[in-house]
Amino acid sequence: MTSTAMPTAEQHGLVAHSDGAFVPVQTRSERFRSTNVADFEPVNGREHEWKLSPVAAFADLTSGELDGSRLPIETTDASGISYSYIARDDARIGSAGIPEERASANAWSSFGEALLVSVTGEDAKTAVVTRTGLGDVPRAAHTVIEAAPNSRGFIVLGGAGSARLSENVEIIVGDGASLTVVSLQEWDDEAVHLSSQFARLGRDSFLKHIVVSLGGKVVRVNPSTHLAEQGADIEALGLYFADAGQHLEQQVYVHHDAPHTKSRVTYKGALQGSGARTVWVGDVLIGPKATGTDSYEQNRNLVLTDGTRADSVPNLEIETGDIEGAGHASATGRFDDEQLFYLMARGISEDEARRLVVRGFLTEIVQKIGSPELEERLTAALEAELQGS
Amino acid sequence: MSVLEIKNLHVNVETEQGTREILRGVDLTINEGEIHAIMGPNGSGKSTLAYTIAGHPKYTVVDGEILFDGENVLEMSVDERARAGLFLAMQYPVEIPGVTVTNFLRTAKTAIDGEAPSVRTWVKDVRESMANLKMDKAFAERNVNEGFSGGEKKRNEILQLELLKPKFAVLDETDSGLDVDALKIVSEGVNRAKANTGLGVLLITHYTRILRYIKPDFVHVFVAGRIAEQGGPELADRLEEEGYDRYQVAEPAAVESVPAE
Numbered sequence: 000m001t002s003t004a005m006p007t008a009e010q011h012g013l014v015a016h017s018d019g020a021f022v023p024v025q026t027r028s029e030r031f032r033s034t035n036v037a038d039f040e041p042v043n044g045r046e047h048e049w050k051l052s053p054v055a056a057f058a059d060l061t062s063g064e065l066d067g068s069r070l071p072i073e074t075t076d077a078s079g080i081s082y083s084y085i086a087r088d089d090a091r092i093g094s095a096g097i098p099e100e101r102a103s104a105n106a107w108s109s110f111g112e113a114l115l116v117s118v119t120g121e122d123a124k125t126a127v128v129t130r131t132g133l134g135d136v137p138r139a140a141h142t143v144i145e146a147a148p149n150s151r152g153f154i155v156l157g158g159a160g161s162a163r164l165s166e167n168v169e170i171i172v173g174d175g176a177s178l179t180v181v182s183l184q185e186w187d188d189e190a191v192h193l194s195s196q197f198a199r200l201g202r203d204s205f206l207k208h209i210v211v212s213l214g215g216k217v218v219r220v221n222p223s224t225h226l227a228e229q230g231a232d233i234e235a236l237g238l239y240f241a242d243a244g245q246h247l248e249q250q251v252y253v254h255h256d257a258p259h260t261k262s263r264v265t266y267k268g269a270l271q272g273s274g275a276r277t278v279w280v281g282d283v284l285i286g287p288k289a290t291g292t293d294s295y296e297q298n299r300n301l302v303l304t305d306g307t308r309a310d311s312v313p314n315l316e317i318e319t320g321d322i323e324g325a326g327h328a329s330a331t332g333r334f335d336d337e338q339l340f341y342l343m344a345r346g347i348s349e350d351e352a353r354r355l356v357v358r359g360f361l362t363e364i365v366q367k368i369g370s371p372e373l374e375e376r377l378t379a380a381l382e383a384e385l386q387g388s
Numbered sequence: 000m001s002v003l004e005i006k007n008l009h010v011n012v013e014t015e016q017g018t019r020e021i022l023r024g025v026d027l028t029i030n031e032g033e034i035h036a037i038m039g040p041n042g043s044g045k046s047t048l049a050y051t052i053a054g055h056p057k058y059t060v061v062d063g064e065i066l067f068d069g070e071n072v073l074e075m076s077v078d079e080r081a082r083a084g085l086f087l088a089m090q091y092p093v094e095i096p097g098v099t100v101t102n103f104l105r106t107a108k109t110a111i112d113g114e115a116p117s118v119r120t121w122v123k124d125v126r127e128s129m130a131n132l133k134m135d136k137a138f139a140e141r142n143v144n145e146g147f148s149g150g151e152k153k154r155n156e157i158l159q160l161e162l163l164k165p166k167f168a169v170l171d172e173t174d175s176g177l178d179v180d181a182l183k184i185v186s187e188g189v190n191r192a193k194a195n196t197g198l199g200v201l202l203i204t205h206y207t208r209i210l211r212y213i214k215p216d217f218v219h220v221f222v223a224g225r226i227a228e229q230g231g232p233e234l235a236d237r238l239e240e241e242g243y244d245r246y247q248v249a250e251p252a253a254v255e256s257v258p259a260e
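Keeping their order, the protein sequence lines are chains L and C. Numbering-wise, the first sequence is residues 0 to 388 according to numbering that gives the first Met the number 0. Numbering-wise, the second sequence is residues 0 to 260 according to numbering that gives the first Met the number 0.
No wet-lab data here; the hints were simulated from the structure. Note that the structure is a prediction, hence the values are computed from the model and not measured. Please note that the accuracy of each hint is not assured.
Stated by the list, open to error - If you want the ones that stay clear, here's a sample from chain C, every Cβ over 12 Å from chain L, calculated:
(1) P40
(2) L66
(3) D78
(4) A107
(5) L177
(6) A181
(7) R191
Said to hold, decoys possible - Which bits of chain C does chain L cover? Going by a derived footprint, with three or more residues having C-beta under 8 Å, they are:
(8) 87-101
(9) 215-223
Stated by the list, open to error - A few chain C residues that face chain L, going by a derived Cβ cut-off under 7 Å, partial list only:
(10) V2
(11) K6
(12) A81
(13) A110
In this text, a Cβ means the ideal position worked out from N, Cα and C, and glycines have one as well.
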């Protein structure tokens, strides 16, 4: 509990933080932003952007010194995709978005160079960037994925092995481009990964953004999409499977900021085992310029055992009266004993029954990814999650 | 020939008010190919009998036994009972989110047979059975029971009965909530399954209506947790005219207290 000491000057004139107190209404677009970590107060875990996160588990990433050298990466080659490193003063850095919280700002303040993944050419192509075994040192990284106007591409940004990583990913989608970005977290059991991802979509462009979080102790991937130009279209998909002791979080933000933009947000998660924890926050802001917006976001969670917790918080702000549609849905359901009895009464073993239900539930997302290779791999990874239970 | 024997079965259920004795010594033997109707008023323990045979964890067997070809059913887990050849068509089939009917049927068939069914014949079998039960093809891709009407759920139960080919089926008030058309379709399904596999059936019902379409070999009247009377099909006709009143006068359905002599 907080003390009842004298009001202090450093509280910026805000009401003292008595627990459960009035939370001021604040439009998402007015949230504080800065690339400089020193502009943010130290994290205490009560801030709206941290209150659902285990902040003590990654104090090094929000307030410690970060190693900003290049990450060890492996890449696959494809015609029309190139990799390079760009300096901090490159004009592209910061063009898709800037940090809204301290871990993101800490990474921004700390990275040396940014990895640039350039996508050009109208033919479809796929490239995979994998970061493996980043070690125990807290690290910062910055990645820019840039799709040239009218280009097409499918980029996987994967992580496996050990990591204590805070990073920013910028996704710049040129006019008329069609890009898929998959952020694939298959870290080992002790890894901590905080990733803020900022996408800016040009006129009539399309981004399919997919967050898949399976491995890691704490994984927090927060994608923000700025639908900045007329006709921009985002399909944001998410898939997560939290086992005992895992915290998997995603705070999704879509900003409709131009006429006739479209967004579809669909996140699905499963939880199993004591202390399995997931967080989904979905903010959609339909700004005054965003006439004709078509927006829908949903989150579904499937709870498989006792001792888990799933938070699901959809928020919708609408600042124009002239929209086509805006909706949200959130549901967290249990796989319960009656369902188990029903399946077992048809000869299906308990383990198989559980697997059947989870597989069916999560496959909906897998099937929307649009890459048979990756779909197959993820199906196998989910199988492994289920077998390991 | 298979036989299902229920001997002196006593079953309790835990409720918020404490332990309740629901079944008080049930004796029943069903041979393969026979149809036994169990009829009785609400609260007489009919559904408890059904769920106990299937192995629902809510019910505790305190005495007696259930034998399937001499094997002790009570020692088997729920899925083992199903794999041994017992089937329960449920009164209230539950929704299974995320699992399509197709996927569910194939998984169940594989579990029961111990091997995956041959793709070609299986798809054909499913399609035929669905057509017989007048189920739209679109059902196959819907999640099990999710958004199904009452009649659709019951048809889906009988679809499973036809495809999984058990030796004994317990039909728990499969007729309840069905209009006459659906009742005929479902009854035909049961009769077809019996004709095809020599199934033994324990048909639990409150009403005599379904017995016009599924002809029982034996009728048992269930009152206050045990069989109060049994006979042939003619007993059902008598119940149709007289109802259950004469049994309840003799032995009220109140479960806790033993009626005074």
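We went through each hint and held it up to the structure:
The beta carbon of C:P40 is kept farther than 12 Å from every beta carbon of chain L, the shortest such distance being approximately 25 Å. Residue-level check passed: C:L66 sits 19 Å from the nearest beta carbon of chain L, beyond 12 Å. Residue placement check: C:D78 does not keep its beta carbon more than 12 Å from all beta carbons of chain L (closest about 4 Å). With a least CB separation of 4 Å from chain L, C:A107 falls inside the 12 Å interface cut-off, contrary to its annotation.
The beta carbon of C:L177 is kept farther than 12 Å from every beta carbon of chain L, the shortest such distance being approximately 20 Å. With a least beta-carbon separation of about 21 Å from chain L, C:A181 lies farther than 12 Å from that chain, consistent with its non-interface assignment. Every C-beta of chain L lies more than 12 Å from that of C:R191, the closest at about 19 Å, which supports listing it as non-interface. Coverage of a stretch by a chain is defined here by at least three residues with a beta carbon nearer than 8 Å to that chain's beta carbons; for the stretch 87-101 of chain C and chain L the count is 10, and the condition holds.
Chain L is given as covering the stretch 215-223 of chain C, and this is violated because 0 residues of the stretch bring a CB closer than 8 Å to a CB of that chain, at least three being needed. Against a cut-off of 7 Å between C-beta atoms, the interface hint on C:V2 is violated, since the closest Cβ of chain L lies about 21 Å away. For C:K6, the suggested interface contact is broken, since its CB lies about 22 Å from the closest CB of chain L, more than 7 Å. Hint status for C:A81 relative to chain L: holds, with the closest Cβ pair at about 4 Å, below 7 Å.
The beta carbon of C:A110 comes within 4 Å of a beta carbon in chain L, closer than 7 Å, and the hint placing it at the interface holds.
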